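> Taking mature numbering (1 follows the signal peptide of the UniProt record, and there is no 0), I'd label the letters of the sequence shown as residues -20 to -1, 1 to 167.
Worth flagging that the hints you see were computed from the coordinates, not collected in a lab. Incorrect hints may appear among the rest.
[Said to hold, decoys possible] DMTMM-like mimics (lysine to aspartate or glutamate), calculated; alpha carbons at most 25 Å apart, straight line:
(1) Lys93 to Asp153
(2) Lys93 to Asp63
(3) Lys93 to Asp46
(4) Lys93 to Glu60
(5) Lys93 to Asp103
(6) Lys93 to Asp151
(7) Lys93 to Asp24
(8) Lys93 to Glu36
(9) Lys93 to Asp136
(10) Lys93 to Glu132
(11) Lys93 to Glu134
(12) Lys93 to Asp47
(13) Lys93 to Glu20
(14) Lys93 to Asp160
(15) Lys93 to Glu141
(16) Lys93 to Asp45
(17) Lys93 to Asp64
(18) Lys93 to Glu41
(19) Lys93 to Asp106
(20) Lys93 to Asp61
(21) Lys93 to Glu71
Here the structure is a predicted model, which means the values were calculated and not measured.
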Amino acid sequence: MKRFAVLIIAVAMLISCAFADNTASGNAVVVYFSATGNTERVADALSEMIGAECVEIIPAEPYMDDDLRYTDSDSRTSREDADDSVRPAIEALSLDFSQYDTVFVGFPIWFGKMPKPLYTFFDSYDFAGKAIAPFCTSGSSGIAGAVRSIRELEPDAVVLEGKRVNTRSIDSDLESWLSDIRFQEEI
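The whole structure should be built from the sequences, with the hints applied where relevant.
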């Protein structure tokens, strides 16, 4: 009977450890890129909801309305999307990511993918050992492709389930996602 109890405890501990690797913990920061303001609204709401600092990823060359014309093959976003090697310059962030366990990263979806400034962001900072919790805004595309890209760019981080947030239901979308990823604020 004693061996059985020890076995049950060992299995419970293994299961607990497996779940621990796929959760987000307090001591978090919200980092976002927003060209039109939609992702900024979501990032601000998330930051307030979890009591975390909110920091914007700012491209060195801002995106103007003409740059965002997705149907124009000569627009900046179309040209960037066509070249996998493009990494537009971004302003340096005044953050020490070593202070944080969880990094929430928000962005719009462009052409079904993460925008190129996010590739620059992930190339610029070390997220080894961190939990990355991606969220996006999009008229129709999901976040699955972006999550795969982040996992490729950050193989030493734990990339959590992403969330496409509807700007008409920001609070309820965020609350359900935080529950899904088992985010726990540090008190």
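> All the hints need checking, so say for each whether the structure fits it.
Okay, the hints, checked on the actual structure:
| no. | hint | in the structure |
| --- | --- | --- |
| 1 | Lys93 to Asp153 | holds, 21 Å |
| 2 | Lys93 to Asp63 | holds, 13 Å |
| 3 | Lys93 to Asp46 | holds, 19 Å |
| 4 | Lys93 to Glu60 | holds, 12 Å |
| 5 | Lys93 to Asp103 | holds, 16 Å |
| 6 | Lys93 to Asp151 | holds, 24 Å |
| 7 | Lys93 to Asp24 | holds, 22 Å |
| 8 | Lys93 to Glu36 | holds, 19 Å |
| 9 | Lys93 to Asp136 | holds, 21 Å |
| 10 | Lys93 to Glu132 | holds, 14 Å |
| 11 | Lys93 to Glu134 | holds, 16 Å |
| 12 | Lys93 to Asp47 | holds, 16 Å |
| 13 | Lys93 to Glu20 | holds, 18 Å |
| 14 | Lys93 to Asp160 | holds, 23 Å |
| 15 | Lys93 to Glu141 | holds, 16 Å |
| 16 | Lys93 to Asp45 | holds, 19 Å |
| 17 | Lys93 to Asp64 | holds, 11 Å |
| 18 | Lys93 to Glu41 | holds, 20 Å |
| 19 | Lys93 to Asp106 | holds, 21 Å |
| 20 | Lys93 to Asp61 | holds, 9 Å |
| 21 | Lys93 to Glu71 | holds, 21 Å |
The earlier numbered hints are all upheld by this structure, with none contradicted.
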